[in-house]
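Chemist: Note that the numbering used here has the sequence shown beginning at 16, numbered continuously upward.
If you are wondering where the hints come from, they were derived from the structure by calculation, not from laboratory data.
Just so you know, not all the hints are guaranteed correct.
[Claimed, not checked] No more than 20 Å apart at the CA atoms, straight line, and that leaves these computed lysine to any residue pairs for SDA-like: (1) K159 / R70; (2) K159 / L89; (3) K159 / S219; (4) K159 / L229.
[Claimed, not checked] Cβ-Cβ distance ranges computed for the label pairs, FRET-style: (5) L30 / D79: 18 to 24 Å; (6) A66 / Q28: 29 to 35 Å; (7) Q28 / G163: 41 to 47 Å; (8) R162 / D79: 32 to 38 Å; (9) A155 / E36: 34 to 40 Å; (10) R242 / Q28: 47 to 53 Å; (11) G110 / G74: 35 to 41 Å; (12) E146 / P108: 52 to 58 Å; (13) P108 / E36: 53 to 59 Å; (14) S80 / V244: 35 to 41 Å; (15) A32 / V244: 45 to 51 Å; (16) G74 / E146: 16 to 22 Å.
By construction, the Cβ of each residue, glycine as well, lies at the ideal position given by its N, Cα and C atoms.
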Amino acid sequence: MALCFPAGPADRQQLAAARVECWRLFADYTRDVLPLRRCDPLPASPVWHLADPGRLMPGAPLPDSPPPSWEPALAGGWLPCLERLLRRGGEDPAGPELVLSFPALVYMEGAAVIGCPLAWRHLAVLLAYGEPRQAAALVATLGKLLRGADPVRLANAVSTPAATSAVAALWMLEGSGLGLSTATAAESGAGGQALAGLPRGAPSAAGRQLALMLSYALCEWLPPLARLVAWAMQAAALCGTAGQQRDPASAGIRGGAAGAGSGGGGNDLYDDGCGGWGQLLLEEPAGQNKGLVRVTASRADP
16 MALCFPAGPA
26 DRQQLAAARV
36 ECWRLFADYT
46 RDVLPLRRCD
56 PLPASPVWHL
66 ADPGRLMPGA
76 PLPDSPPPSW
86 EPALAGGWLP
96 CLERLLRRGG
106 EDPAGPELVL
116 SFPALVYMEG
126 AAVIGCPLAW
136 RHLAVLLAYG
146 EPRQAAALVA
156 TLGKLLRGAD
166 PVRLANAVST
176 PAATSAVAAL
186 WMLEGSGLGL
196 STATAAESGA
206 GGQALAGLPR
216 GAPSAAGRQL
226 ALMLSYALCE
236 WLPPLARLVA
246 WAMQAAALCG
256 TAGQQRDPAS
266 AGIRGGAAGA
276 GSGGGGNDLY
286 DDGCGGWGQL
296 LLEEPAGQNK
306 GLVRVTASRA
316 DP
């Protein structure tokens, strides 16, 4: 595989075809996943050769073709492969599919960002340049993962942190919000000048497709996200009503998650690097524990 990657501008046609074949072989391998070593979740995987595509925004004049390292990935079936891995990972969190899919979203060669923004960039390339029906299937699968997520387990997964398919969906959603807000701020600060060196003008076909898929994603993702937020707010309100002090262990979890998620990018102890979503979801997850029990017991007393 090292002979095929990375892609070069003067590569022969045979090398380009070999890269596509590597992706097809990887997709076939993951269809009936062979035993994996936990220390090497992506053995001999072409995923390691995906380069950071940079910021991709809906409606922007994106290039007509995907970035060089992503073109063979799309041609070799990475989009439906990732959708299948995430879907199966949601069905069986202990299965090997999750071990293959989650690292692919959070690691990328030469990435300028980490965490949520990187997961969004990975998703954005697939939604902008992938086959539309396959891209829509990925959006639908991520929505199902959020709808089926157990709030308590999801909060624990965010705080540990642990890999789950729902957390992957959450990171992609939060990353898209961070990307849009960053782009809006950059445009405002530039006084309407071109963003990221791209001239203003009619959006390209890829930009239009990304905007369409993101609109569909909002319809699929926001309702389950609202349910998760409502749960977090209810848990916080119940614990606040009880007048109990915050559980030190819970506070430690929040602080630890913030430190791990921020990647050293902020000074706020509760900055989790994902726009505060992790903190919101973790707001008093101990509501399932003694605080909530005390509240329930006190309300039951005559």
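Chemist: Against the 20 Å threshold, does the CA-CA distance of K159 and L89 hold or violate the hint?
Modeler: violated (23 Å)
Chemist: Take the C-beta atom of Q28 and the C-beta atom of G163, compute their distance, and say whether it sits inside 41 to 47 Å.
Modeler: holds (44 Å)
Chemist: Taken at face value, is the distance from the CA of R70 to the CA of K159 at most 20 Å?
Modeler: Violated - the C-alpha atoms of R70 and K159 are around 26 Å apart, more than 20 Å.
Chemist: Quick one: are A32 and V244 within 45 to 51 Å, going by C-beta?
Modeler: This hint holds: roughly 47 Å between Cβ atoms.
Chemist: Should the hint that P108 and E36 are 53 to 59 Å apart at their CB atoms be regarded as holding?
Modeler: Hint violated: Cβ distance 31 Å, outside 53 to 59 Å.
Chemist: So the hint says 32 to 38 Å: do the beta-carbon atoms of R162 and D79 match that?
Modeler: Given a distance of about 35 Å, which is inside 32 to 38 Å, the answer is holds.
Chemist: For the hint 16 to 22 Å, verify it against the beta carbon of G74 and that of E146.
Modeler: Roughly 20 Å apart at Cβ, these two residues keep to the hinted range, so it holds.
Chemist: Has the hinted range 18 to 24 Å been met by the Cβ atoms of L30 and D79?
Modeler: The hinted range 18 to 24 Å holds for L30 and D79, with Cβ atoms some 22 Å apart.
Chemist: Taking 35 to 41 Å as the stated bounds, is the beta-carbon spacing between S80 and V244 within them?
Modeler: holds (38 Å)
Chemist: Range first: 29 to 35 Å. Now tell me if the beta carbons of A66 and Q28 are that far apart.
Modeler: violated (21 Å)
Chemist: Take the C-beta atom of G110 and the C-beta atom of G74, compute their distance, and say whether it sits inside 35 to 41 Å.
Modeler: holds (37 Å)
Chemist: Mind checking the alpha carbons of K159 and S219 for me, to see if they're no more than 20 Å apart?
Modeler: violated (30 Å)
Comparing the model with each earlier hint shows violations of hints 1, 2, 3, 6, 9, 12, 13; every other hint is respected.
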